[in-house]
Structure formats: structure tokens, C-alpha cells
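Once you've looked at the hints, dock chain B against the given chain A.
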Amino acid sequence: MLTSLHAKNRLQLPLGFLLGVGFGFLLQKGGVTYYDVIINQLLLKDFTVVKIMLTAMATGMIGVHLLVNLGAAQLHPKAGSLGTTVPGALIFGVGFGTLGYCPGTAVAAVGHGALDALFGGIVGMLLGAAAFAAIYPKLKPTLDKGDFGNPTIPKLLNVNHWVVVVPVVAAVAGLLYWIETAGL
Amino acid sequence: MDFFMEPRWSPYLVGIGIGVLSWLAFLLSDKPLGCSTAFARSAGILERMFRGRKVDEKPYYQQFAPGIDWEWMLVFGILIGALAASVPSGQFAWLWTPVKWADAAGDGAAVRWLVALLGGFCAGFGARWAGGCTSGHGISGTLQLALSSWIAAVGFFVGGIATAMLIFHVILA
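Heads up: the protein sequence lines correspond to chains A and B, in order. Sequential numbering of the first sequence, starting at 858, is according to the working numbering. Sequential numbering of the second sequence, starting at 118, is according to the working numbering.
Worth flagging that the hints you see were computed from the coordinates, not collected in a lab. Careful, some of the hints might be misleading.
[As the list claims (entries may be wrong)] Simulated pairs of lysine to any residue, SDA-like, Cα-Cα distance not exceeding 20 Å:
| hint | chain 1 | residue 1 | chain 2 | residue 2 |
| --- | --- | --- | --- | --- |
| 1 | B | Lys148 | A | Ala936 |
| 2 | A | Lys902 | A | Ile1036 |
| 3 | B | Lys175 | A | Asp1001 |
| 4 | B | Lys148 | A | Phe874 |
| 5 | A | Lys865 | B | Leu145 |
| 6 | A | Lys997 | A | Asn1007 |
| 7 | A | Lys995 | A | Leu984 |
| 8 | A | Lys902 | B | Ala279 |
| 9 | A | Lys995 | B | Phe181 |
| 10 | B | Lys217 | A | Asp893 |
| 11 | B | Lys148 | A | Gly888 |
| 12 | A | Lys995 | B | Pro176 |
| 13 | B | Lys148 | A | Val1029 |
| 14 | A | Lys997 | B | Gly184 |
| 15 | A | Lys997 | B | Gln180 |
| 16 | B | Lys148 | A | Lys1002 |
| 17 | B | Lys175 | A | Tyr993 |
| 18 | B | Lys175 | A | Leu1000 |
| 19 | A | Lys995 | B | Lys175 |
| 20 | B | Lys175 | A | Pro998 |
| 21 | A | Lys995 | B | Gln180 |
| 22 | B | Lys148 | A | Pro934 |
| 23 | B | Lys148 | A | Leu862 |
| 24 | B | Lys217 | A | Leu900 |
| 25 | A | Lys902 | B | Phe181 |
| 26 | B | Lys171 | A | Ile992 |
| 27 | B | Lys171 | A | Tyr993 |
| 28 | A | Lys902 | B | His286 |
| 29 | A | Lys1002 | A | Leu939 |
| 30 | B | Lys175 | A | Thr999 |
| 31 | B | Lys148 | A | Leu927 |
| 32 | B | Lys171 | B | Gly184 |
| 33 | B | Lys175 | A | Ala988 |
| 34 | B | Lys148 | A | Asn866 |
| 35 | B | Lys148 | A | Leu875 |
| 36 | A | Lys995 | A | Pro934 |
| 37 | B | Lys148 | A | Pro998 |
In isolation and in its complexed conformation, chain A is listed as follows (with noise of 0.2 Å):
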């Protein structure tokens, strides 16, 4: 890995930037910092959101898995538990259906100019993580229910990454040809 690279924290500031240059490009390029292509996915009437997620999860998981195998990378999973993941997620949604974009691509619709991105999307969410961290240490028995820890599922199922990456990515890929066939 690189390590010495790792640790530069000069370089990494604008190369963290860089790679956020890159992101909200290829967001704004794919459509999805619009509120209408969100919400019309969530209402499953356009699949630009699904399709750009499936996409960039199954080439990143073929190639991040290769840079573990070459070991030129680690894993970083979150850890979870059913106190935190399912509410949370759900909690998430609500918000993420109400507002129609996600914290991402929030700020990358600031960058073309939605005004409800910014002063209700940022502006909410800033108050949403502040209200989070004032009520953090009660909520903090509800959190820990349930704790499965941070396993992959290879890990999970005792099997080499690769024995669930291959099918996944096949899965994906007989999806979005379906999406596609399904004209959607």
C-alpha cells in the first residue's frame, strides 16, 4: 500500500478535493444532482439513479477487490447493528424522499444553482447532523442493539471475496440489461 502517501496529510487534503472535482462532475453529467431524476426514480418512473449506483458499485467492487488481492488496498467496512442500520436507513429515506437528493448530491446541486438544495437540503441537513450529535449519548443503548459488527459478506460466509463478487456483478448486470429491455 501506499502508505508514506497515506500519512502526507498536505497531499491528501487536495487530492480528497480532486476526487471531489470528479465527483460532483460526473454527478451533475449523470443527471442525478436533479430533483425531478431523483424523485422519479423513487417513484420508479426513471432508473438514472439505480443505474449510475449499480454501475459505479459493481466496477468499483471488481476493482477495489483486485487492489486487495494485489495488496495496494484495505478494506474499510462500516460496523452496524440493528439499532443503528435499519432505523437510521429508514429515518434516511423519509428524509431523502421529502427532500429529493441525498447529501452528496445536495451540494452537487448547489453547483448548478438549486437554491432549495442549499438553504433547505444543507441548511436541514447541518441541523439534522447537529440534532444528532445533542442527542447522541441517549440514544446511545438504542444504537448498540443488536451489534453485528463490521463483516463482509464474504467474510460472513467464510468464502474468498471473489466467490460473491463474481455473481454480484453478474446480477447487476442481468438487472440493468433488464431495466434496459423493460425500457425504463
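Okay, now just chain B, sitting in the frame of chain A:
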């Protein structure tokens, strides 16, 4: 250059591009792409402006110290990247009410602002509760085959689809 001036690219091309960015993030920075932690840090930075150093004592901010880090720069980059993509292609436009919203609920900016504020609050609160958002869990977590992220990604879309259907097929119908 014409290619960069086009208003839209194929979703598959964009998806592959984001996938490649995730390789670079792991390889060069040892980090997955993510966005919502930056919101927690920014909230802490803003709170500190009003309430001073005692904000740092909050247990949550001890875990996610208020300050500018790699991910904060990534999120700042997203803003600049979208600006760089939209201005040359003529897609930049100041807009208060998205077309789809205006068609269903009218073009009043105040109503849209309030709804967006409420939605943003839930999204920010929920992302911190779940420990990630559509980037950190939805793309970076699922590509690592993390169990927590696959559960979260399903939850994001279940909550999002139910809410959008409720708003457009019941409340605004």
C-alpha cells in the same frame, strides 16, 4: 471538447467513472468515498462558533472531531465539480422550485423551502444515525460487500420510495 459540453452523459459511463474514482480513493487515500460525515464535522464547526470550545466535549464530536479533513475537502470538491460541469454546458441556473415539485405543489418558493428543510433535517439526522448516506453506505459500502451497507442501502430506498409515493400519490395527488 464537445463531449464535455454535452448536458448529459450515459448513466453507465458516469457509473463507471464513479467506480474508478472509488479505486483511486482506496489506492491513493486509503478511504472510501463518503459525504455525510463532513456534515457532522461542519455542524460541529458551526456550533463551535456559537457555543465555543465546550462543543468539543460532546461525545459525538469526540468521535467525529469538528474540522476540515479529507472527506470535507471531497464534499467541497463535489460543489466545484458540479459547477464546472454545469456552467460550460449551459446547465447552470438559479432555481428555487424544481419543475416536478412546481407541477404538483405550485411554484411557491416558501413551501418548497420548508419541505426541503424538513427533508434535509431527516436526511442529515438519519445519515448520522445509520452511520452513512447514499455515498458512504450506498456506493462505497456496498462495493466492499459490507453487511451494514447492504442493509442500509435497502433501508434508504424503502424509506425513500415510500415517502416519495406518499407525497406525490397521496398528499399532492
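Task: Agreement of Lys148 (chain B) and Pro998 (chain A) with the hint, judged by alpha carbon distance not exceeding 20 Å - done: Status violated; Cα separation ~29 Å.
Task: Distance restraint between Lys902 (chain A) and Ala279 (chain B), which requires alpha-carbon spacing of 20 Å or less - done: It holds: about 14 Å lies between the C-alpha atoms, which stays within 20 Å.
Open item on the list: For a C-alpha distance cap of 20 Å, please report whether Lys997 (chain A) and Asn1007 (chain A) respect it.
Closed with: holds (18 Å)
Open item on the list: Against the 20 Å threshold, does the CA-CA distance of Lys995 (chain A) and Gln180 (chain B) hold or violate the hint?
Closed with: Holds: Lys995 (chain A) and Gln180 (chain B) sit about 15 Å apart, inside 20 Å.
- [ ] Assess, step by step, whether the Cα of Lys148 (chain B) is no farther than 20 Å from the Cα of Ala936 (chain A), and give holds or violated.
- [x] holds (15 Å)
Open item on the list: Holds or violated: Lys171 (chain B) and Ile992 (chain A), Cα atoms, limit 20 Å.
Closed with: holds (16 Å)
Open item on the list: Lys217 (chain B) and Asp893 (chain A) were given as a pair; does the straight-line alpha-carbon distance stay at or below 20 Å?
Closed with: Roughly 5 Å between the alpha carbons, so the hint for Lys217 (chain B) and Asp893 (chain A) holds.
Open item on the list: Please verify whether Lys171 (chain B) and Gly184 (chain B) have alpha carbons no more than 20 Å apart.
Closed with: holds (15 Å)
Task: Pair hint Lys1002 (chain A) and Leu939 (chain A), alpha-carbon separation not exceeding 20 Å - done: The hint holds at about 6 Å.
- [ ] For the pair supplied as a hint, Lys865 (chain A) and Leu145 (chain B), confirm whether the alpha-carbon distance does not exceed 20 Å.
- [x] The given pair, whose Cα atoms are some 11 Å apart, holds under the 20 Å limit.
Open item on the list: Check whether the Cα positions of Lys148 (chain B) and Asn866 (chain A) lie no farther apart than 20 Å.
Closed with: Given that 20 Å is the threshold and the Cα spacing comes to 13 Å, the pair holds.
Task: 20 Å Cα cutoff - pair Lys148 (chain B), Val1029 (chain A) - done: violated (24 Å)
In summary, the structure is inconsistent with hints 11, 13, 14, 16, 25, 36, 37 from the numbered list given earlier, while agreeing with the others.
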